[in-house]
Amino acid sequence: MNEENERKLSVENIWTTIYCCCLFLVFPLFVRDGYVNIMEAKANFCLVTTGIYLIGTISIAVVKKVQEGTNIFISGDSLNITDSFCIVLMMDIVLGGLLNKLNPEVLWASKGKLFGFIFLMMCCIAYFFISRTFRMNQGILWGLLFGSILTAVFVICSRFGADIFHFYDIIVKNQRSVFLGTLGQINIVASFFCVLIPFWMGCYLYSKEIVSKLLFGSTLFLSITAGLSSNSDSIFLGIAGAYLFCLWFAFEDLEKLSAYFQCVSMLFLSASFVGICTYIVKHRMNFTVKWDILQQQFLKYILAYFIIAVFLSVSSILVKKANLTCPLIKARRIILAIVIILFILGIAIVTINDKKLEKLNVIQQYLVFNDSWGSNRGYVWKRTVRLFGKVPLWKKIIGCGMGMFPSFFKTFHADSIKQFGYYFVDAHNEFLQFLVTTGIIGCISYFGMIITTFIRNLLFIRNRKKSEKSGNELSVIVPAILFVWLLQGLVNSPNVFITPYLFLFIGMGQNIVTEERKKMRS
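If you count by my numbering, then the sequence shown holds residues 1 to 522, one letter each, in order.
Hints were generated in silico from the structure; no laboratory data involved. Just so it is clear, the structure is predicted and the values come from calculations on it, not from any experiment. Mixed in with the good hints there might be a few duds.
Using 25 angstroms as the maximum straight-line C-alpha spacing, the simulated DSS-like pairs for lysine-lysine come out as follows [as the list claims (entries may be wrong)]:
{"no.": "1", "residue 1": "Lys382", "residue 2": "Lys395"}
{"no.": "2", "residue 1": "Lys396", "residue 2": "Lys382"}
{"no.": "3", "residue 1": "Lys518", "residue 2": "Lys8"}
{"no.": "4", "residue 1": "Lys208", "residue 2": "Lys519"}
{"no.": "5", "residue 1": "Lys213", "residue 2": "Lys321"}
{"no.": "6", "residue 1": "Lys320", "residue 2": "Lys213"}
{"no.": "7", "residue 1": "Lys256", "residue 2": "Lys465"}
{"no.": "8", "residue 1": "Lys320", "residue 2": "Lys208"}
{"no.": "9", "residue 1": "Lys395", "residue 2": "Lys111"}
{"no.": "10", "residue 1": "Lys64", "residue 2": "Lys518"}
{"no.": "11", "residue 1": "Lys256", "residue 2": "Lys173"}
{"no.": "12", "residue 1": "Lys101", "residue 2": "Lys395"}
{"no.": "13", "residue 1": "Lys395", "residue 2": "Lys290"}
{"no.": "14", "residue 1": "Lys465", "residue 2": "Lys519"}
{"no.": "15", "residue 1": "Lys101", "residue 2": "Lys396"}
{"no.": "16", "residue 1": "Lys173", "residue 2": "Lys282"}
{"no.": "17", "residue 1": "Lys173", "residue 2": "Lys321"}
{"no.": "18", "residue 1": "Lys208", "residue 2": "Lys256"}
{"no.": "19", "residue 1": "Lys410", "residue 2": "Lys101"}
{"no.": "20", "residue 1": "Lys111", "residue 2": "Lys396"}
{"no.": "21", "residue 1": "Lys208", "residue 2": "Lys321"}
{"no.": "22", "residue 1": "Lys382", "residue 2": "Lys418"}
Whenever a hint applies, use it, and build me the whole structure from the sequences.
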């Protein structure tokens, strides 16, 4: 990465590096007793690791204060607006816990996704520490690289019948299609790679050395392949968001535009690879992959995807060698406008045809919002909004308490079991989940942390360009991750598998801007 990341790391920087490596490398691979209580195993690992990190950081701060008189938690800036949102969020969940008389269900969320008071509070505190002590370095990058590759390989193998760790031996056959690799449930797998795809795409766009391109490109390919293998429709939101966001920055120069073409070719190559693997395991290994209807339609055209991938690869070479006279900054606005217009026209065509075109039936299903929309998400969304409108005012303001969604939605448990064979323990939507559990105040605070970090990094990028100075590429990658996070959050809920990464990247984004500004002042 940047040369400035190679400077000597302090003790607290090294300690944060170790914590980040644990989250990036060990956490996604950690499994105990296979898929039996995998959520509990992941939650316990994260709680123990984060707890040790917090205690260690406090100890380092105390020792430095005594020996050197320095405070590692005081940066160049005072508390910023993101810090303020985080403090309000913590106060909100504490108040919610007290009003629920510190109910164990609020503390640990044992009836739901284990995303309770204790877990969210530790994530918030970890954010404060990371935002003050983080320094990007090769150790973190290698940890994330190996973690991404290994996790992706295990997901892909399990999707196509290679149960390396024999996790499927202890679960019933009809449940095997919804568990993959070392992450477990398919929506978790999709969310995980929604975070990784924009990271590795950003690294690929900004890398210059051939070895770095090969490493980042291979990891991006595996991440996209694993995401498509998840068989969850939410991965398409993540992929679309990542490519749309990075398209804007690809037009900075011809080299990045060429790299973007290569990233798009990897997407089509990945789709072709997944299609070929599906054919092989079905006809050669007598193993049938049960794809969701959206994936079925998407993976039909194996040869076409391969041809497109080759075409884009050749185009990337031509673009790099081209001597364009048109300013790329102006061109990207035109291209982005065309993409948006085509998207709107596509939706209009699908809507107007109203199931007259057989190949558009799958897309049309997503344009009609009913109870079955998005794998029955429509059912829980509509009833969540209806129930929230009936709760007392104080619960609207501060929420029902962390981990209390199953109790909140208990009225519809019997009906959902009758219709679908299961009941909902979360809202399958981050906004609704936080609205119910933390209320209006907590919901605004949570999304305030994400949006302010997103804006702060983008403003920093713009100001650096105006001053014609090179910036840290992470100040582009972090907003890309947050943008994709908001998109995938439309159909997924916060959980113990993925949410710790959100607070880590928010802390990372805040630290990058603070440190760069300190360098500019000096």
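Please write out, lowest number first, the hints stated earlier that are contradicted by the structure.
When the structure is compared with the hints, numbers 11, 13, 17 turn out to be violated.
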